[in-house]
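Input sequences plus hints: build the corresponding full structure.
Chain residues, written in single-letter form:
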Amino acid sequence: MIISNTSILKLFLLLFFTVIVLSGCESKKPVKIGFITSLTGRMADMGIPARNAVQLAVEQCNKEGGIHGRKISLIIRDDQQDDDTAVQAVQELIKEEVTAVIGPTVSNMAIPIVPYLNNAKVVAISPTVTTPNLSGLDDYFFRVCTTAGDFAGFSANYLISSGDMRQIAVAHEISNRPFSDSWIKSFNKTFTDMGGKILSAIEFSTENECSFSDISSRLLASNPDGIIIVAAPMDSALLCQHIRKNNPSVKIALSSWGGNQRFIELGGKATEGVTVASSFDWASPNPRYQAFKKIYNERYRSDPGLFGLFSYNSAQVLLTALKAQKHGQNIKDTILSIGEFDVLQGKIRFDAFGDVESSFVTMQIVKNRKYVVIE
Amino acid sequence: MKSPVPLKKYLTLNFIAMAVLPVLTIAFLVWFFILPGIKHRAGIQHRALADSVAGKISTYLKGGERQLSALAGYLQDRQCTIDKEIITLLDAQCGKGEFFETLFIVGREEKTIQAVGLPESRRSRRDDFTGLDFSGQRFMDTVKKDSRIVWSEAFLSTISNREAVALLVPLKDVFIIGEITLDKLSRYISNLSEESDFFTMLLDGNGMIVADSQNLHMGEVLSNDFPAVKKLTGHRPDTQMFFKWDGVDMLGTIAGLEKLDWKVLVAQPTARAFELLR
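These protein sequences, in sequence, are chains P and Z.
Those letters in the first sequence? Residues 36 to 410, per this note's numbering, in order.
Those letters in the second sequence? Residues 2 to 279, per this note's numbering, in order.
Keep in mind the hints are simulated off the structure, nothing from the lab.
Hints are supplied without guarantee of correctness; some may be wrong.
[As the list claims (entries may be wrong)] DSSO-like mimics (lysine-lysine), calculated; alpha carbons at most 30 angstroms apart, straight line:
#1 Z:Lys85 / P:Lys280
#2 Z:Lys245 / P:Lys358
#3 Z:Lys173 / P:Lys304
#4 P:Lys280 / P:Lys304
#5 P:Lys280 / Z:Lys112
#6 Z:Lys185 / Z:Lys97
#7 P:Lys64 / Z:Lys40
#8 P:Lys63 / Z:Lys245
#9 P:Lys64 / Z:Lys245
Following this line, the structure appears as C-alpha cells:
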C-alpha cells in the first residue's frame, strides 16, 4: 500500500491537533466559588454544619460533571466572628476571582462585608442572615431565609394568644446586634400591642466574661411568667440551664437564632418545653430533604439541622443559576430571571432585591429532646 | 536504479522519525525508569517524615493520657470526694491551657458536671459550668459500654465552642474528661512540619481532619472516595497515593498512630516531588 505525502501530513496534523484539543480539555479551569462563615468562636455551631452542607452540594455537583464540564473549586474562609477578619477574607475571595460567594451565616458579619461584595459586583447568597438592614436594596446580596422580624412577630403573637406568657423578662446577647436589635424591636411591638408586659430587659455580652448564673438571677428577680432568650445556641443553652436550676417551672422561649440541635445538646434536660419560632421543619417528609439528611448523616454522623439545610439551599440556588447562566449574562440577573427555585423543603421565590418573598414559619417546642411543631 | 520511494516522501518520513523517536525514547526512559525512581525516593522521604510525625503525635497524646490516668488514680484513692483541693488540682493540670483546655469530673449516672478545672483566663466563669447537665453531649455515649480510656470523636467545646476532642477516663462513679481543642493539635503539627512545602494532616477513623499543618481544614470530613480515606480501611496503612488538594496535585504517604485509630498523612505537591524532571 502506498501512502501519499499528503496522507502522512494529514495524519501527523490530526494527531497534533488531537493532542492539543485533549490537553485543552484537561486544563479546563474550575469554577471558583467562595464560602464564608464562622468556623471558630461562639457561632461555630452555625458555621460547621453550613460548611459541611455546602461541601456536600459542591461534591455532588462535581460528581455529576460540574458546571458544563468545569469542576467547582470551593474556597472556604473563616470570618472568626471578627469584622476585620471577615473583610480580609472577602477581599481574598474577590482577589481569587470567585464567581460568587455563599455566606456569610451571621447578620453581624454580613453588614461589614456586603459593601465590598457590591463594589466588586460579586453575588453573595446567604443561608441564614436575617437582618432587615439588608432588605429592599438593589445590591448583590441574596438570601434564602426570611427576616428576623417575621419570626419575632410570629413568636410574640403565639406566646400572647396561647396564654403562655404575659409578663416577661428578656435576655439579649449584643454581639449580633443587626439580628437581635431588629428581633427584639419586632417582638416587643407585637407583644406589647397585644397586651403583654416586658418587666425587665438584660443585655449581655459573652465577650465581656458575663456570668450566666448572675444573668439568670437578674432575669428571675422581677418574677416573670416567661423568659425570652435572644442569643446564640450555646449561650441560650447555658443560660437556660441556669434559669431552670433557679426556677424549674418558668416558661422559656428562644429567638430563631438559638433554636438548633446544639441548643438541645448543650442544654440537656433544661431544654424540655422551650419554644421557638422557626422556618425549618425538622420532620419534613419531603423526599429531597430526607435524601439529603440521609447522605449528610452518613458522612458527618450528625443531623444537618437548620444551618445545614439553609446552606445547602444557598448552594443549590447558586449551582442552578450557574448551570442556567447564558453567555454574557451575570449571576445576579440569572438568579432574578429564574426567580423561583426548588429547594429541600419546598420552593423559594426571590423578589427584585434578592430577598425571599415569603416563607412558612412554625412555632416549635422541645419535647423529648426534639423540636416538635405546635402551630 | 530508481528508488521505489520518492525522495520527498523519504525525507518526510525521516524528518518525522527524527522528531518523534527522541521524544518517544525520552518518554520511555522517564516513564519506566526515572519516574519510579523519584517516586520511590519521595516515598522513602515521606514515609520517614510520616512515621516521625506519627511517633511525635503519639507521644504528645500519650502524655495527656498519662496525665489524666495519674489524676484518675489519685481520685480513685480519695474515692472521688469533690472538694476545693480537687478543683485546685484540676486547675493546676489545665495550667494556662497548654494541653487540656478544660477538665471535667462528670457523674456517671446523672451526667452532671461535679467539678471543673479551667485555664487561668477562664476561672472566673467556673460557676457557669459547675452543676451543668452534660447528658446531651454526644461524646458521652462513647464510653457507655466501655471501661477503658477512650478518645472521643470531634465535637464543639462546651467552654469555647471550638472544635475539640475529649479524652475520657471512666472511674467507678464518675468520668474524668479532658478537652483538647483541635487548633492546638494543628499548631503542634505545624511546628513539626519544618519543610514548608510539606502538608501534614491527622485523620481520625471516619476520615475527619483532626488537625492540619495549614490550620485551614481541621474539622472537615473527607469524602469516602478520597484516596486517604480508602486507605484508612485498607490492610496496608503505609502506602503512597496521588490526590488533588485545593486544586493542586499531591503525592502523599499515610502512617498509623500507635494504639489510636488515627492516621497521619504527609503530602507534597507532585510538582515539588518531581521537580528533578523540570
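Problem set entry | Hinted pair Lys64 (chain P) and Lys245 (chain Z), Cα distance within 30 angstroms | Distance ~14 angstroms between Lys64 (chain P) and Lys245 (chain Z) Cα, so the pair holds.
Exercise. If you draw a straight line from the CA of Lys280 (chain P) to the CA of Lys304 (chain P), is it 30 angstroms or shorter?
Worked result: holds, 11 angstroms
Exercise. Is the Cα-Cα distance between Lys63 (chain P) and Lys245 (chain Z) 30 angstroms or less?
Worked result: holds, 15 angstroms
Exercise. Does the alpha-carbon distance linking Lys85 (chain Z) and Lys280 (chain P) stay inside the 30 angstroms limit?
Worked result: holds, 22 angstroms
Exercise. Straight-line Cα separation of Lys64 (chain P) and Lys40 (chain Z) no greater than 30 angstroms?
Worked result: holds, 27 angstroms
Problem set entry | Pair hint Lys280 (chain P) and Lys112 (chain Z), alpha-carbon separation not exceeding 30 angstroms | Roughly 15 angstroms between the alpha carbons, so the hint for Lys280 (chain P) and Lys112 (chain Z) holds.
Problem set entry | Lys173 (chain Z) paired with Lys304 (chain P) [C-alpha distance capped at 30 angstroms] | Roughly 24 angstroms between the alpha carbons, so the hint for Lys173 (chain Z) and Lys304 (chain P) holds.
Exercise. Is it true that the CA of Lys245 (chain Z) sits at most 30 angstroms from the CA of Lys358 (chain P)?
Worked result: Holds, at about 24 angstroms.
For this session: For the pair supplied as a hint, Lys185 (chain Z) and Lys97 (chain Z), confirm whether the alpha-carbon distance does not exceed 30 angstroms.
Result: holds, 13 angstroms
Violated hints for the displayed structure: none, as all numbered hints are satisfied.
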